[in-house]
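Chains as they are written, first to last, in our numbering: chain C, 839 to 1058; chain S, 28 to 238.
By construction, these hints were calculated from the structure, which means they are not laboratory data.
No residue lacks a Cβ here, since even glycine has one placed at the ideal position from N, Cα and C.
There may be inaccurate statements among the hints.
Which chain C residues face chain S? A few, computed with CB under 8 Å, are given here [to be verified]:
1. Gly846
2. Glu858
3. Trp867
4. Gly869
5. Gln915
6. Leu941
7. Leu945
8. Pro951
9. Asp1029
10. Thr1041
List time: in silico DSSO-like cross-link candidates among lysine-lysine, alpha-carbon distance up to 27 Å [claimed, not checked]:
11. S:Lys158 <-> S:Lys80
12. S:Lys215 <-> S:Lys62
13. S:Lys100 <-> S:Lys215
14. S:Lys62 <-> C:Lys939
15. S:Lys215 <-> C:Lys944
16. S:Lys232 <-> C:Lys853
17. S:Lys215 <-> S:Lys232
18. S:Lys109 <-> S:Lys80
19. S:Lys62 <-> S:Lys158
20. C:Lys853 <-> S:Lys158
21. S:Lys100 <-> S:Lys80
22. S:Lys232 <-> S:Lys80
23. C:Lys942 <-> S:Lys62
24. S:Lys158 <-> S:Lys232
25. S:Lys80 <-> C:Lys944
26. S:Lys62 <-> S:Lys232
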Amino acid sequence: MDGIHDMGGMHGFGKVEPEENEPVFHAAWEGRCLALNRAMGAIGAWTIDEGRAGIEQLPPDVYLSSSYYGKWALRLQNMVIARGLAGADELAAGHALHAAKPLKRKLAAADVPRTLTRGSFGRPAPAPARFGAGDRVRARNMHPATHTRLPRYARGHVGVIEAVRGCHVFPDSTAVGAGEDPQWLYAVVFDGRELFGETADPTLKVSIEAFEPYLETPEP
Amino acid sequence: MGQDHEHDSDGHHHGSELSEMQLRVRALETVLTEKGYIDPAALDLMIEAYETKIGPHNGARVVAKAWSDPVFKHALIADATKAVQSLGLISRVGDHLIAVENTPGLHNMIVCTLCSCYPWEVLGLPPVWYKSAPYRSRAVNDPRGVLSDFGVALAADMQIRVWDSTAETRFIVLPMRPAGTEGWSEDKLATLVTRDCMIGTGLPKLAHEVA
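Use the sequences and the hints to build the structure in full.
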């Protein structure tokens, strides 16, 4: 999705403003919001990529004007409604009004340590890797309207495979509920000038983690 | 924490978003709890873990160990998940953690331009600036400008490598060990290691700053 979330290389957002002695949460609701989102993910209400797509689908003005956990709260609200886990009427009332939808499991306190570890996304390879370290590749000029992890600034540009990461769950597929469709994942490194033109910093190299369907062999 | 979900410690940002979000999140928690999907006690435990157990102090231990133990450093670069797991700081380290090493000629920097991917287990939750539009937009095309926002200036001929975390691989920067720290214990070395130097937007503290 060519959305506002795909920010790499954009201009106009101003300076980075580090905060001295930043607290883990700036308000108690931020922690509740984080934990609620993680809990719903942990019980299998949606995959991590469906969750990311949920953030990206917020309207651009809302995306830019909401705080980080504010976006998480809006996403959670939209997703529980879209999946029939709770009704808009219930969220407005602040109480359950209808029967719950059966879920595979509930997140109990005993499950918490498991939720604190990032999931494992490596999968057995359905086919050999098409590319190897050192290969030149072009990031495809592709613009799916749904979730993808190929940033716009890399599309159409030629880089070099630096590492083969193994075969991983393919976000473009899981995000639309089409299954894991595992794909080979590569570290692809680009020269700064290839991405951003002649005036780019000559000392700069940028790498992305690119799934095989994002890549093609460039013309010689 | 505990059973009081009214949360009057609102931190420092005020205004309409705060009360609106407080109400929105409270409604979500109440409804999802009443539906039986979640247990508020589980949320309490998660928040407690992020506030007390999971944080950059874990990453600092990893870096200090790598500075003092060449065998560990080699293992860390080869497979950071396995190497960090072996330290026993964290109950289970997520797959595909990758350590990238700064050298006299190369400076590494980590970003997630698409969202906020970050090595939670070793660095904790990302700071606000890491998730902000200015960082996510400029890290890839103006890393020296970003570094100057942090008060960091690199030599003009220093090669810069920016790692965009666009998949479930996660990165931690292994900074260079500061001069004048020969013979320091791992505990003391860890005091030099800032969160930002493990993201690549900072450098470790100098020996005289902690001595």
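Hints, verified against the model:
1. Gly846: 3 Å, holds
2. Glu858: With a closest approach of 11 Å, the Glu858 (chain C) hint is violated.
3. Trp867: 4 Å, holds
4. Gly869: Holds - the Cβ of Gly869 (chain C) comes within 8 Å of chain S, reaching about 4 Å at its closest.
5. Gln915: 6 Å, holds
6. Leu941: 6 Å, holds
7. Leu945: Holds, because the Cβ-Cβ distance from Leu945 (chain C) to chain S comes to roughly 5 Å (cut-off 8 Å).
8. Pro951: Holds - the Cβ of Pro951 (chain C) comes within 8 Å of chain S, reaching about 6 Å at its closest.
9. Asp1029: This interface hint is violated because 11 Å lies over the 8 Å limit.
10. Thr1041: With a minimum Cβ separation of about 5 Å from chain S (threshold 8 Å), the hint on Thr1041 (chain C) holds.
11. S:Lys158 <-> S:Lys80: 21 Å, holds
12. S:Lys215 <-> S:Lys62: 50 Å, violated
13. S:Lys100 <-> S:Lys215: 18 Å, holds
14. S:Lys62 <-> C:Lys939: 8 Å, holds
15. S:Lys215 <-> C:Lys944: 43 Å, violated
16. S:Lys232 <-> C:Lys853: 23 Å, holds
17. S:Lys215 <-> S:Lys232: Answer holds: Lys215 (chain S) to Lys232 (chain S) is near 12 Å, not above 27 Å.
18. S:Lys109 <-> S:Lys80: 20 Å, holds
19. S:Lys62 <-> S:Lys158: 32 Å, violated
20. C:Lys853 <-> S:Lys158: The hint holds at about 13 Å.
21. S:Lys100 <-> S:Lys80: Distance ~24 Å between Lys100 (chain S) and Lys80 (chain S) Cα, so the pair holds.
22. S:Lys232 <-> S:Lys80: 23 Å, holds
23. C:Lys942 <-> S:Lys62: 13 Å, holds
24. S:Lys158 <-> S:Lys232: Holds - the C-alpha atoms of Lys232 (chain S) and Lys158 (chain S) are around 24 Å apart, at most 27 Å.
25. S:Lys80 <-> C:Lys944: 24 Å, holds
26. S:Lys62 <-> S:Lys232: 50 Å, violated
In this structure, the hints that do not hold are numbers 2, 9, 12, 15, 19, 26, in rising order.
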